[in-house]
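Starting from the given sequences, assemble the full structure and let the hints guide the process.
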Amino acid sequence: MSTDRDYSFRPMEESDLDAVMAVEVRAFSHPWTRGIFAGCLKPGYSCWVIEKGSRLIGHGVLSAAAGEAHLLNITVSPETQGLGIGRDFLQHFLDIALGVKAETLFLEVRPSNLPAIHLYESMGFNELGRRKNYYPSVEGREDCLIMAYTIEGEALWND
1 MSTDRDYSFR PMEESDLDAV MAVEVRAFSH PWTRGIFAGC LKPGYSCWVI EKGSRLIGHG
61 VLSAAAGEAH LLNITVSPET QGLGIGRDFL QHFLDIALGV KAETLFLEVR PSNLPAIHLY
121 ESMGFNELGR RKNYYPSVEG REDCLIMAYT IEGEALWND
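Residue numbers (the numbering used here): 1 to 159.
Hints are supplied without guarantee of correctness; some may be wrong.
[To be verified] Ranges between beta-carbon positions, derived for each pair:
1. 131 - 29: 17 to 23 angstroms
2. 82 - 22: 15 to 21 angstroms
3. 84 - 10: 17 to 23 angstroms
4. 100 - 129: 21 to 27 angstroms
5. 95 - 51: 14 to 20 angstroms
6. 139 - 65: 31 to 37 angstroms
7. 84 - 26: 15 to 21 angstroms
8. 33 - 11: 30 to 36 angstroms
9. 126 - 95: 16 to 22 angstroms
10. 114 - 79: 17 to 23 angstroms
Derived by calculation from the structure, the hints in this document are not laboratory data. What you are looking at is a predicted structure, and each value in this text was computed from that prediction instead of being measured. Glycine included, C-beta positions come from ideal geometry on N, C-alpha and C.
What follows is the structure, encoded as structure tokens:
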């Protein structure tokens with residue numbers, strides 16, 4: 001991660017939900033609901049936001065248990081996409097997964113979200129499978145790609 005970035009990560013709070021929703025509805029045709037994010041603020045989830053100055057520009061949710069981590073949501077505001085912020089945020093979540101000794105980080109993505117797929121592949125994620133007709137879409141239903149990153153060679157676990 002670059003140390004000269006002009007944005008920072010911090011844990012999500014309930015008071016962030018209006019700003020989270022403002023980004024979520026601009027980023028996705030079928031966004032998560034406020035209730036889903038509120039539920040994720042409970043124990044068992046790692047919820048984060050990205051701030052640039054006093055403005056929230058992204059958010060994400062990770063769940064980890066039993067040697068696995070699942071990146072449930074990672075979102076960067078449309079006007080700040082393509083600047084490397086998503087890559088830094090994904091690395092942040094990989095670091096969290098490592099910290100909880102997860103062996104694999106899983107995520108799901110729409111096949112139509114080519115920029116996200118390219119990012120995930122460039123960071124070492126591989127496609128494991130596909131769920132047919134999983135996501136709602138403007139044209140009916142869309143498949144879901146299941147991708148995974150295997151966390152290997154991390155000597156910290158053996159210390």
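* Which of the listed hints are broken here? -> Result: hint 8 breaks, nothing else.
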